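K.L.:
The residues making up each chain are set out below.
There are 2 protein chains.
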Amino acid sequence: MSSNFIGLLGGTGEEGRGIALRLSSGGQRVLIGSRSYDSASKAVNWINEQVGREVATAATNIEVVKNCGFLFLTVPFRFASAVIEESRDSFQAGQMVVDVTVPLSFEKGPHLLSLEEGSGGEHIRALLPSSVGLAAAFKTLPAHLLADIHEPLDCDEFICGDSSETIEKVIQILDGIPELRWINAGPLSSCRSLEAMTLLAIRLNRRYKSRLGRYRFLGI
Amino acid sequence: MSSNFIGLLGGTGEEGRGIALRLSSGGQRVLIGSRSYDSASKAVNWINEQVGREVATAATNIEVVKNCGFLFLTVPFRFASAVIEESRDSFQAGQMVVDVTVPLSFEKGPHLLSLEEGSGGEHIRALLPSSVGLAAAFKTLPAHLLADIHEPLDCDEFICGDSSETIEKVIQILDGIPELRWINAGPLSSCRSLEAMTLLAIRLNRRYKSRLGRYRFLGI
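In the order they appear, the protein sequences are chains A and B. With the working numbering, letter number 2 in the first sequence gets 2, and the count goes up by one each step, no holes. With the working numbering, letter number 71 in the second sequence gets 71, and the count goes up by one each step, no holes.
Quick caveat, the hints were computed from the structure, so don't treat them as lab data. Please note: incorrect hints may appear among the correct ones.
Where chains are identical, the list cannot tell them apart; a pair therefore holds if satisfied intra-copy or between any two copies.
Computed list of lysine to aspartate or glutamate pairs in DMTMM-like fashion (alpha-carbon distance at most 25 Å, straight line) [as the list claims (entries may be wrong)]:
| # | residue 1 | residue 2 |
| --- | --- | --- |
| 1 | 209 | 175 |
| 2 | 209 | 14 |
| 3 | 209 | 38 |
| 4 | 42 | 179 |
No experiment lies behind these values; they were computed from the predicted model shown.
Could you put the whole structure together from the sequences, leaning on the hints where they help?
P.N.:
Dropping the structure here:
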């Protein structure tokens, strides 16, 4: 846990590469994890090329968990439990995990999976060791937008978490991302609202033929 | 159903008076319904005074159901079933109801009531005669903002409904409201997202000490 890298578990998809790009724009260096080191390397090459300098390094997911204080969980929701399970023994007390997954299904039209805990974020809280802090962020931003470095974010994004301390520490990491305002949405149960907003954004993107639908919260 | 008035069932509270004000600003005339004619009269006096001309008329809820093609259900959610029940025999095929309620509870912190149908809007759909169309709108706008005619809305608001025809007809009624863009959120099940957004707005208003928190959807 000694490195200054921000870790991305399963960071090779559009969501993970997009968040890596935006964290890099905010001045962070990232460790891209994957089950396969080769996949991680490919993603790293793409990220470094996009940013124009060496901001990303490749690793396995387990190496990411061993070496990073801040870990973004950027796999699709259906793989989250397997990724956490394979790294279970490598988590360390005081680490902070940021869940960016949304429990969506596209069978018979987009909808949220019904989860006993009430939301994907709360489900992931139950899977993680209790000594690890959990926040949820980037839930309502389209992966397509995150991964296009030429497209300004120009919107608000919401963060919630299992303690004020976790939220504040994660906001410090995220605050450097240009053109993005972070709004503190309080307890982890706010994932119920944020994930429902992702679903709405997907429906609106389809209806209005966009891939860039996102939110601003006015009046605060 | 011959009048040109837009009906507000239980239109005497802040939400009902606020929507009456905004519909009036959009060129509509409104019939304010209440269980008690006296309460309706008081609300009507307040509305006409705010707008500066005779835009509102008082009635009982049952008279509103008998006389209006478009009916806004503006009671608190917990009274919705009683208001629909008392007017059950007066609804007519082809009427359009607009649900603006949100199934909130403030006991032990704000949260949404768990409803078998999945949302308040879908719950109300099950209570209404099937010959009546149902849309949901104004769910994410604070009553306090709606009721302050000097405060521009300056945001987006979402509408969903049980058919495209219902949504389109209701949008025609709402389109005259100044400084408000209507976004078509599709099927009535989008109430699950919209009601979750109301809950989030309440949490954010509390945290950021505002009463005017509201949404804009960018990128479409």
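K.L.:
Checking residue 209 and residue 14: alpha-carbon separation at most 25 Å within a copy, between copies, both or neither?
P.N.:
within (19 Å within a copy, 36 Å between copies)
K.L.:
Treating 25 Å as the Cα threshold, decide for residue 209 and residue 38: within, between, both or neither.
P.N.:
neither (35 Å within a copy, 49 Å between copies)
K.L.:
How would you classify residue 209 and residue 175 at a CA-CA limit of 25 Å: within, between, both, or neither?
P.N.:
between (30 Å within a copy, 22 Å between copies)
K.L.:
One pair to classify: residue 42 and residue 179, alpha carbons no more than 25 Å apart. Within, between, both, or neither?
P.N.:
Classified as neither; 28 Å inside a copy, 48 Å across copies.
Checked against the numbered hints above, the structure breaks hints 3, 4 and satisfies the rest.
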